[in-house]
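Novice: Single-letter residue listing:
Number of protein chains: 2
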Amino acid sequence: MDLVEVSRTKTFGGFQRVYSHVSKVLGCSMRFGVYSPPQIENKKLPVIYWLSGLTCTEANFIEKSGIQRYAAEHGVIIVNPDTSPRNVNIPGDRENWDFGEGAGFYVDAETEPWKNNYNMYSYVTKELIEIVNTNFSVLEGCQSIMGHSMGGHGALICALKNPGLYKSVSAFAPICNPINCPWGKKAFLGYLGPQETSNWTDWDATELVKNYNGPPIVLLIDQGTEDKFYKECQLLPENLIEKCKIWKMPVILNRRDGYDHSYFYIASFIEEHIKHHMQYLH
Amino acid sequence: MDLVEVSRTKTFGGFQRVYSHVSKVLGCSMRFGVYSPPQIENKKLPVIYWLSGLTCTEANFIEKSGIQRYAAEHGVIIVNPDTSPRNVNIPGDRENWDFGEGAGFYVDAETEPWKNNYNMYSYVTKELIEIVNTNFSVLEGCQSIMGHSMGGHGALICALKNPGLYKSVSAFAPICNPINCPWGKKAFLGYLGPQETSNWTDWDATELVKNYNGPPIVLLIDQGTEDKFYKECQLLPENLIEKCKIWKMPVILNRRDGYDHSYFYIASFIEEHIKHHMQYLH
Chain A
1 MDLVEVSRTK TFGGFQRVYS HVSKVLGCSM RFGVYSPPQI ENKKLPVIYW
51 LSGLTCTEAN FIEKSGIQRY AAEHGVIIVN PDTSPRNVNI PGDRENWDFG
101 EGAGFYVDAE TEPWKNNYNM YSYVTKELIE IVNTNFSVLE GCQSIMGHSM
151 GGHGALICAL KNPGLYKSVS AFAPICNPIN CPWGKKAFLG YLGPQETSNW
201 TDWDATELVK NYNGPPIVLL IDQGTEDKFY KECQLLPENL IEKCKIWKMP
251 VILNRRDGYD HSYFYIASFI EEHIKHHMQY LH
Chain B
1 MDLVEVSRTK TFGGFQRVYS HVSKVLGCSM RFGVYSPPQI ENKKLPVIYW
51 LSGLTCTEAN FIEKSGIQRY AAEHGVIIVN PDTSPRNVNI PGDRENWDFG
101 EGAGFYVDAE TEPWKNNYNM YSYVTKELIE IVNTNFSVLE GCQSIMGHSM
151 GGHGALICAL KNPGLYKSVS AFAPICNPIN CPWGKKAFLG YLGPQETSNW
201 TDWDATELVK NYNGPPIVLL IDQGTEDKFY KECQLLPENL IEKCKIWKMP
251 VILNRRDGYD HSYFYIASFI EEHIKHHMQY LH
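Going line by line, the protein sequences match chains A and B.
Take the first sequence: its letters are residues 1 to 282, numbered as in my numbering.
Take the second sequence: its letters are residues 1 to 282, numbered as in my numbering.
Note that these hints are calculated values from the structure, not bench results.
A few of these clues could be false.
Unchecked claim - The calculated DSS-like cross-link candidates involving lysine-lysine, where the alpha carbons are at most 27 Å apart (straight line), are:
1) A:K210 x A:K64
2) A:K161 x A:K43
3) A:K126 x A:K44
4) B:K210 x A:K64
5) A:K275 x B:K64
6) B:K228 x A:K64
7) A:K275 x B:K228
Every value quoted in this text rests on a predicted model; they were computed, and no experiment measured them.
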């Protein structure tokens, strides 16, 4: 659990840091970002976890989202992990941009050779929270989760599979129904095994809505209308909305006219998401 | 003067575009960024030019500064060129990160083999302005300039050498006195020739202050106290301030406690700079 400070940069009155540590559940050295706003000097603060999308490291969100301004304004810590184990040298883990390194899909793998390392779900929902609670001045239990694309899927399943763990959840252009899109099918086949003999539905937000049984939580979903991957049916927000209606799960879908899948889109609306989360974190 | 749209992304209600074109004064294909805020649909708008620092392309500022939010709020077009000619294949132009590609230093070169291409000063102050005035809905003559590090030097000399051309000027961590710092000496020796036989002082903000003879203009300078390059005496803002006092040039130096040289620092204060420029552009 020893943390090594990789970098530390003052911004918007607080500090953007990157740490590395050895993860037990992933069996490798991992990095994550922590933005501590200036309010941290006087009191414990809530935390928002951010999960990034395919091909990202912890750096993309830190450099491109503009989050630090809003975290400083609202007095919230932001923690963002990497998107997969790194340097575990499983054959084939660097051959695809949508599977293996940079594409952990926030599941716990059940197949060889992935299951010893590709446990991003346990990393995000257990190990990382423990590390953050132990090492930073956080209001324990006062945490929310958000993400983008693959990380939007991650945020949704982390919230839906752990009622009460997160006060709120939101997602930009999430992969809402991975068992029905090419990215999700490829990843689940690889990490979980054939659909017929494994529980793909345990890792799919659209499927998890049915059995959610916990404190009310609103699923805040954002989707750009000019998102290439939305048009290619990788994201399928309509499937999630349909199931939310059936199963009476509160959901908000904000369609953003003309926006794509990029961090330019995320930057445009992340302030709205932070405001949403702060309603539940105060 | 034909422009090719390389990319176009909606953000903060406007569009961030990158264009490429063949530059006459540089003798190569160049890229520049243009952010058009939503107000562009109804009226002509002022322009702020941004000049980036060593090693940058047009991408760094576009992706990391957060400028689009403030440009959209204030209704101003942002134009940011690349930092040097590209792919002109001069021997040695890619061997150094602080000379050649990515390090044009915003001068017009006078030495072989650089003088046919390395004319970033004329590019920024003449050709690029013509292209922007011809192709975009700008209020002609209503323009300001800003930059960072090498680009802060560039912004200052472009303003000081062209009284009245820019309504205002500002710089983050500028190389204020290149003839007295290692970066500047190396670049000027290469592009201009030995100091004894060439006019280095024509390209140095601290030297140009003495002979400025035009409409009053305030030099707005920003400097982080934990900036590695400031500590290494590459930037020398105190030299500029001293000459401004002597020659009665209005100057503001904002020292930012604990901030470094990065885009995290720029992002923290760029809103202040935009507000400064808008006082003069409205």
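Novice: Against the structure shown, which of the earlier numbered hints fail to hold, in ascending order?
Specialist: 1, 2, 4, 7
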